[in-house]
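Q: Letter by letter, the chains look like this.
6 protein chains.
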Amino acid sequence: EDEDENLKPQIGVVRGLAWTSVGGDTLSIEVNVMPGKGKMELTGCMGDVMKESAQIGLSYVRSIAEAYGIDSDYFEKHDIHLHIPEGAVPKDGPSAGITMALAILSAITEIPVRGDIAMTGEITLRGKVLPIGGLKEKLLAAKIVGVKEVLVPARNKRNVAELDEEIISGLKITYVEEMNEVIKCALKKESK
Amino acid sequence: EDEDENLKPQIGVVRGLAWTSVGGDTLSIEVNVMPGKGKMELTGCMGDVMKESAQIGLSYVRSIAEAYGIDSDYFEKHDIHLHIPEGAVPKDGPSAGITMALAILSAITEIPVRGDIAMTGEITLRGKVLPIGGLKEKLLAAKIVGVKEVLVPARNKRNVAELDEEIISGLKITYVEEMNEVIKCALKKESK
Amino acid sequence: EDEDENLKPQIGVVRGLAWTSVGGDTLSIEVNVMPGKGKMELTGCMGDVMKESAQIGLSYVRSIAEAYGIDSDYFEKHDIHLHIPEGAVPKDGPSAGITMALAILSAITEIPVRGDIAMTGEITLRGKVLPIGGLKEKLLAAKIVGVKEVLVPARNKRNVAELDEEIISGLKITYVEEMNEVIKCALKKESK
Amino acid sequence: EDEDENLKPQIGVVRGLAWTSVGGDTLSIEVNVMPGKGKMELTGCMGDVMKESAQIGLSYVRSIAEAYGIDSDYFEKHDIHLHIPEGAVPKDGPSAGITMALAILSAITEIPVRGDIAMTGEITLRGKVLPIGGLKEKLLAAKIVGVKEVLVPARNKRNVAELDEEIISGLKITYVEEMNEVIKCALKKESK
Amino acid sequence: EDEDENLKPQIGVVRGLAWTSVGGDTLSIEVNVMPGKGKMELTGCMGDVMKESAQIGLSYVRSIAEAYGIDSDYFEKHDIHLHIPEGAVPKDGPSAGITMALAILSAITEIPVRGDIAMTGEITLRGKVLPIGGLKEKLLAAKIVGVKEVLVPARNKRNVAELDEEIISGLKITYVEEMNEVIKCALKKESK
Amino acid sequence: EDEDENLKPQIGVVRGLAWTSVGGDTLSIEVNVMPGKGKMELTGCMGDVMKESAQIGLSYVRSIAEAYGIDSDYFEKHDIHLHIPEGAVPKDGPSAGITMALAILSAITEIPVRGDIAMTGEITLRGKVLPIGGLKEKLLAAKIVGVKEVLVPARNKRNVAELDEEIISGLKITYVEEMNEVIKCALKKESK
Ligand SMILES: [Ca+2]
Ligand SMILES: [Ca+2]
Ligand SMILES: [Ca+2]
Ligand SMILES: [Ca+2]
Ligand SMILES: [Ca+2]
Ligand SMILES: [Ca+2]
Ligand SMILES: [Ca+2]
Ligand SMILES: [Ca+2]
Ligand SMILES: [Ca+2]
Ligand SMILES: [Ca+2]
Ligand SMILES: [Ca+2]
Ligand SMILES: [Ca+2]
Chain R
1 EDEDENLKPQ IGVVRGLAWT SVGGDTLSIE VNVMPGKGKM ELTGCMGDVM
51 KESAQIGLSY VRSIAEAYGI DSDYFEKHDI HLHIPEGAVP KDGPSAGITM
101 ALAILSAITE IPVRGDIAMT GEITLRGKVL PIGGLKEKLL AAKIVGVKEV
151 LVPARNKRNV AELDEEIISG LKITYVEEMN EVIKCALKKE SK
Chain D
1 EDEDENLKPQ IGVVRGLAWT SVGGDTLSIE VNVMPGKGKM ELTGCMGDVM
51 KESAQIGLSY VRSIAEAYGI DSDYFEKHDI HLHIPEGAVP KDGPSAGITM
101 ALAILSAITE IPVRGDIAMT GEITLRGKVL PIGGLKEKLL AAKIVGVKEV
151 LVPARNKRNV AELDEEIISG LKITYVEEMN EVIKCALKKE SK
Chain W
1 EDEDENLKPQ IGVVRGLAWT SVGGDTLSIE VNVMPGKGKM ELTGCMGDVM
51 KESAQIGLSY VRSIAEAYGI DSDYFEKHDI HLHIPEGAVP KDGPSAGITM
101 ALAILSAITE IPVRGDIAMT GEITLRGKVL PIGGLKEKLL AAKIVGVKEV
151 LVPARNKRNV AELDEEIISG LKITYVEEMN EVIKCALKKE SK
Chain G
1 EDEDENLKPQ IGVVRGLAWT SVGGDTLSIE VNVMPGKGKM ELTGCMGDVM
51 KESAQIGLSY VRSIAEAYGI DSDYFEKHDI HLHIPEGAVP KDGPSAGITM
101 ALAILSAITE IPVRGDIAMT GEITLRGKVL PIGGLKEKLL AAKIVGVKEV
151 LVPARNKRNV AELDEEIISG LKITYVEEMN EVIKCALKKE SK
Chain Y
1 EDEDENLKPQ IGVVRGLAWT SVGGDTLSIE VNVMPGKGKM ELTGCMGDVM
51 KESAQIGLSY VRSIAEAYGI DSDYFEKHDI HLHIPEGAVP KDGPSAGITM
101 ALAILSAITE IPVRGDIAMT GEITLRGKVL PIGGLKEKLL AAKIVGVKEV
151 LVPARNKRNV AELDEEIISG LKITYVEEMN EVIKCALKKE SK
Chain H
1 EDEDENLKPQ IGVVRGLAWT SVGGDTLSIE VNVMPGKGKM ELTGCMGDVM
51 KESAQIGLSY VRSIAEAYGI DSDYFEKHDI HLHIPEGAVP KDGPSAGITM
101 ALAILSAITE IPVRGDIAMT GEITLRGKVL PIGGLKEKLL AAKIVGVKEV
151 LVPARNKRNV AELDEEIISG LKITYVEEMN EVIKCALKKE SK
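Protein chains in written order, with the numbering used here: chain R, 1 to 192; chain D, 1 to 192; chain W, 1 to 192; chain G, 1 to 192; chain Y, 1 to 192; chain H, 1 to 192.
Hint data in this document are derived by calculation from the structure and do not stem from the laboratory. Be aware that a few hints might be false.
A pair counts as met if it fits within one copy or between any two copies, since identical chains are not told apart.
[To be verified] Derived lysine-lysine pairs resembling DSBU-like cross-links, with alpha carbons at most 35 Å apart:
(1) K157 - K77
(2) K51 - K8
(3) K37 - K51
(4) K143 - K37
(5) K8 - K37
With the sequences and hints as input, model every part of the structure.
A: Below, the structure written as structure tokens:
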């Protein structure tokens with residue numbers, strides 16, 4: 001479902017990886033920020049764990065926002081809407097944590113995210129990246145849409161080691177331990 | 001149920017297409033905006049996915065409203081009510097996304113929507129149009145009420161190709177990939 | 001249960017018609033407005049569809065209130081309570097829509113509603129009147145309490161045509177397509 | 001459970017009558033008003049219909065408060081707590097409507113309510129008194145605690161007529177059609 | 001679980017008595033007041049009836065607070081947290097009413113409560129003390145922790161009369177009809 | 001899952017101990033404070049008892065915050081987010097009470113917490129430490145991650161006495177009765 005134009009950098013849109021009953025899939029996580037009163041809107045048929053993940057991602061971004069020149073009252077004066085298509089497909093789990101945090105950061109800083117990258121990983125409030133499941137299926141899904149690089153939690157190294165080489169051939173696997181590594185790797189360097 | 005007068009342009013009213021257990025049907029999506037405090041009221045026996053669709057449509061419109069001369073605090077100072085008759089008929093699913101977004105945009109800009117058009121398509125937060133189901137039944141319902149043109153997600157092209165010619169004869173099918181194509185096609189050109 | 005005095009005009013009270021498992025019945029829809037903060041209170045053991053109907057009626061009235069000299073911030077500075085006795089009898093469905101809208105309009109304008117009239121019909125956000133069920137039982141109930149005229153959705157004409165003449169003899173049936181016809185017919189002409 | 005001192009007039013306390021699976025009982029409806037923000041607190045294990053009844057009673061009182069010298073912003077600047085002991089006994093139904101309305105009126109005006117009176121009746125938003133059930137058991141309970149007079153909905157006249165004379169001997173039965181009759185009868189004449 | 005130091009007077013902590021499936025137990029009801037916005041926080045795995053009891057206790061205290069020199073806007077400018085350890089043990093019922101009210105009063109006035117006393121009793125909004133169950137088990141629990149005096153609802157007198165003398169030997173039983181008797185008995189005389 | 005770097009002091013992060021169906025485990029309790037409006041966000045798939053525990057910890061910290069130089073309106077002007085990874089693992093019970101309270105205190109004072117320590121204990125509103133279960137499994141989990149000292153409720157002394165010596169060899173067990181002992185032991189002395 002992803003076309004070539006989807007490999008271009010975008011602001012507030014990040015490609016995640018999902019593991020479903022029918023195999024891996026890519027998810028496009030979209031964030032809009034609007035003048036408002038500090039409301040967080042979550043849509044895309046998310047379960048409770050995923051909704052909590054989005055809250056964790058938001059709080060992490062709030063804790064580092066000052067370093068990006070974001071005013072301290074920014075979050076009280078804006079509403080944030082995070083959506084994951086397709087709207088009728090139930091989604092849950094914590095593994096989109098780093099993807100959601102990056103999409104929020106990109107949207108509020110207006111710095112684009114690389115379009116040729118995908119990522120998966122649970123995030124903690126302090127930005128540590130925790131391991132996830134379904135890695136094989138997720139990597140296959142990433143290859144199908146043509147991404148060049150996939151960010152994978154460092155604690156999933158052994159899971160990658162167990163995979164057939166052909167699965168990861170052509171994909172650059174980058175291990176991440178902390179959210180700042182995700183940001184350094186996936187957020188475009190040039191500011192707006 | 002739609003008479004000729006329903007083919008006239010209206011402000012804040014857009015014709016959608018539904019796919020029910022008993023075939024296709026047209027839906028009249030109505031939006032009223034009122035001085036208020038930023039509340040979104042959704043009525044018409046909608047399920048959760050459809051309610052989320054309306055929120056996505058609203059956020060999309062908020063993200064483009066400036067281009068239509070809407071003040072940045074407009075949405076905090078107005079309430080928006082979106083209703084889909086008939087009130088006792090349960091409705092759900094994401095396929096009214098573009099219809100709801102257009103109805104909101106028309107209501108806040110007071111630019112009328114063409115009455116001789118119908119549309120179906122899921123919307124994402126960034127205004128991409130995603131494919132939908134039940135296309136055959138929806139097109140038949142559109143013909144019955146006499147619309148001239150139907151907006152269909154580009155990704156549903158193959159579904160149209162598989163239909164008998166007589167189903168679409170007399171109907172102009174316009175494929176849309178993004179919400180701005182929907183707006184260009186269905187929102188009347190003359191401002192109020 | 002309605003006595004003669006109930007056929008006198010009242011402010012904020014309108015007679016609706018209900019269709020229950022034991023036949024038709026009249027409903028007295030009561031509205032009080034009070035200085036407040038824009039809250040809508042709904043009582044009378046209403047189901048979700050009926051509650052939505054009241055919200056639709058309120059939004060419709062807000063959209064036409066200016067024409068009645070109501071200030072634009074009126075609805076933010078008042079609370080509205082709509083009640084339908086009897087309090088322990090569950091009620092649902094959209095068919096009290098026009099009745100509820102008229103009761104709200106009467107209460108805020110303080111223009112009385114004719115007491116010798118009854119009505120039934122679903123309302124849309126734009127004030128269109130949609131057809132309802134149980135017409136025969138409702139008309140019988142209207143006759144019992146002695147009303148002179150009943151407002152019926154125009155799209156129910158064929159249902160009236162199918163009734164025995166004796167059911168409607170002595171009753172003036174007025175067909176309505178839009179809410180402004182309801183208002184013209186049932187709201188007393190003299191202002192307060 | 002009611003002692004002699006309970007037959008003295010009190011502010012914000014009114015004796016209601018309940019009909020339970022084990023017979024009739026008296027209920028002491030208590031109301032406290034406090035400086036606040038317009039909150040309504042309901043305690044005493046009440047079901048939804050009874051809670052709605054309290055809201056109707058409150059709105060009725062708000063609609064007549066001006067006649068008692070109550071400022072128009074009184075209800076926004078006070079919290080109202082209505083409690084019905086005993087706290088662990090589930091209670092429901094609309095028949096305490098007039099009792100709750102009178103307790104609220106007494107609490108806000110600080111005019112005491114006669115302690116030698118009991119009452120039962122559903123209230124409408126406009127102060128009409130609707131009939132109730134379990135009259136025989138309720139009258140027996142009223143006699144046991146020694147009240148002199150019981151207010152009964154006028155529409156329950158035939159139910160009283162069917163009772164054995166000894167049940168009502170010694171009790172003054174007063175029929176009420178409207179809430180203002182309840183107020184005239186039960187609220188003490190002397191102002192504070 | 002209560003040590004000698006627990007028999008010392010404390011501010012905002014009152015010993016209640018509970019009746020559980022495994023016998024009687026003492027409960028330590030703790031109240032903290034903090035600068036805030038008038039929120040009431042209830043923790044300790046309480047059921048709905050017990051939560052309502054806390055609200056009744058709070059309203060009672062608000063109704064008498066002026067006599068203790070508490071400003072009329074005190075309750076809008078403070079948050080109150082009432083907790084009953086142990087946090088994982090479900091608790092319900094109205095019998096901690098007087099205990100909760102006294103703990104709130106002590107916390108806001110900063111007047112300590114006697115530590116050598118325990119109490120049980122439902123409270124009404126007007127401060128009447130209603131009878132409770134499980135008296136035998138509660139008194140035994142009170143003796144075990146070494147309290148000298150137990151406050152018991154006057155309407156439970158006959159229940160005490162039926163107990164073996166050895167159960168109450170060494171315990172001073174004080175009967176209370178109204179909350180002001182509880183306050184006089186358990187709140188330390190010296191003000192802060 | 002804890003590495004050496006996790007034994008370093010951190011601000012707003014405290015190591016708790018959990019007892020699950022598959023044995024003991026360590027929990028990293030994380031707290032972020034942000035400019036805000038006094039909201040408490042709790043994530044990490046917590047059950048109701050654990051959520052109440054966090055509220056108790058917060059109220060305890062509010063009651064002692066002045067002694068740490070925290071302004072009285074600090075809590076109304078900040079949002080607090082407490083998270084316990086991993087996000088998909090359900091957690092419940094009161095035994096993380098002291099850990100959560102300490103993490104909140106550390107986050108608001110910006111005083112780091114020792115990283116070579118772990119702790120378990122229910123907290124009351126007044127800061128008493130109540131006993132917990134699963135001590136053996138918790139101590140084993142603490143040893144595995146290399147902590148030097150474990151804070152244990154004093155009332156669990158007998159449970160420790162019953163353990164094999166090898167389980168606790170190499171671990172310093174410190175018994176705590178009150179939260180101030182926890183703070184003295186685990187919060188680093190040097191202020192920021
Ligand atoms: Ca997909
Ligand atoms: Ca590292
Ligand atoms: Ca239809
Ligand atoms: Ca395109
Ligand atoms: Ca009836
Ligand atoms: Ca017409
Ligand atoms: Ca009783
Ligand atoms: Ca009368
Ligand atoms: Ca215990
Ligand atoms: Ca007395
Ligand atoms: Ca673990
Ligand atoms: Ca000690």
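Q: Hint by hint, say whether it matches the structure.
A: Status of the hints after comparison with the structure:
no. : hint       : in the structure
1   : K157 - K77 : neither (41 Å within a copy, 42 Å between copies)
2   : K51 - K8   : both (27 Å within a copy, 31 Å between copies)
3   : K37 - K51  : both (19 Å within a copy, 21 Å between copies)
4   : K143 - K37 : neither (40 Å within a copy, 44 Å between copies)
5   : K8 - K37   : within (32 Å within a copy, 38 Å between copies)
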